[in-house]
Amino acid sequence: MNNPFINRLQQDARAIRGLADQRLKNMNLDQQLSEQLQQPQPTRWPWAVAAAVCLMVLGGVLLQPQLANQSSTLPLNAKVQPAMKLNWELSTGQLEQAINQPLINEQQAIMEDLKTLRKAMLSI
Amino acid sequence: MTEQQLISQAQQGATDCFSQLVASYQSRLYSYLLGRCHNAFDADDVLQETFINAYRYLDSYDARWQFSTWLFTIARRLLGQLKTVYHVTLDALSGREPAIENDLLALDRNNFWRLIKRDVSARQYDLLWFFYVEQYTIKDIAHIMKQSESWVKTNLHRGKMTLSNNRELAALLEHN
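Chains as they are written, first to last, in the working numbering: chain V, 1 to 124; chain S, 1001 to 1176.
Hints in this document: simulated from the structure, not taken from any laboratory. Just so it is clear, CB atoms sit at the ideal spot from N, CA and C, and this is done for glycine as well. Among the hints, erroneous ones may be present.
Stated by the list, open to error - Computed footprint of chain V on chain S, listed as stretches where at least three residues anywhere in the stretch have a Cβ under 8 angstroms from a Cβ of chain V: (1) 1009-1023; (2) 1028-1034; (3) 1040-1051; (4) 1125-1132.
Model the full structure from these sequences, guided by the hints.
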């Protein structure tokens, strides 16, 4: 950038500064600042403690029914689980058998055919 | 009393010493903010908040750097928060036009800084202001903007190129 450009930037910045000075005279910044600074600064630690207590209470309220449920249902689960496992194993066995049955039937039919074919061959 | 003495007295709670520091820097800071903010009310708020933050966190001031650079750093951070909290939350989300429109620089329509603000990013505006008006070194600007010196050099060059190619500014300059 050339010098006239830079000069113009600085000149216009001075114009803004004049405006700023004019406004600052009416603003009474010093008084406003001292009023703001005299106000007690909000401290964060009481809020942090309150939030921690709320979380603990909320956690307790939410966890207690779950723990109670678990303790009441635990023996029942222990009894039910093997039966469920047995049922499951049984049902999977049945399913496997249902799937394999046509293959077994076909295998037996082929064996029968082979036997009759062997007999026929031997009779010749 | 020297500036360093004023700062150390203010750090020990002497509000009158801090008032002297405010008096020394308020004009420089406010002219930057008036140019940078969308309206004078925002500039007033950021000016106040900058000095309040400076007083509260005076212990964290690093004396290796100029006091003014520290104030500009705080002001820039507050400007970023202002943009997010005020303009985005209230105006953009509600779909309204900005409720307050009091751009003081609109009084002088040919003010270069007012025209520049339309064409360059906020960062480039800051770079140009700090370099040509505040006449900070590249190192100081990098410190204020929390960027590397090479970043400052590159973006300053880009800002200058944008201004050099601006026909409106060139025409105004020729007219004068």
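Hint check results:
1. 1009-1023: Three-residue rule met by the region 1009-1023 of chain S, so holds; n is 4.
2. 1028-1034: This one holds; 4 residues, not fewer than the three required, reach chain V with a Cβ under 8 angstroms.
3. 1040-1051: holds (count 5)
4. 1125-1132: holds (count 3)
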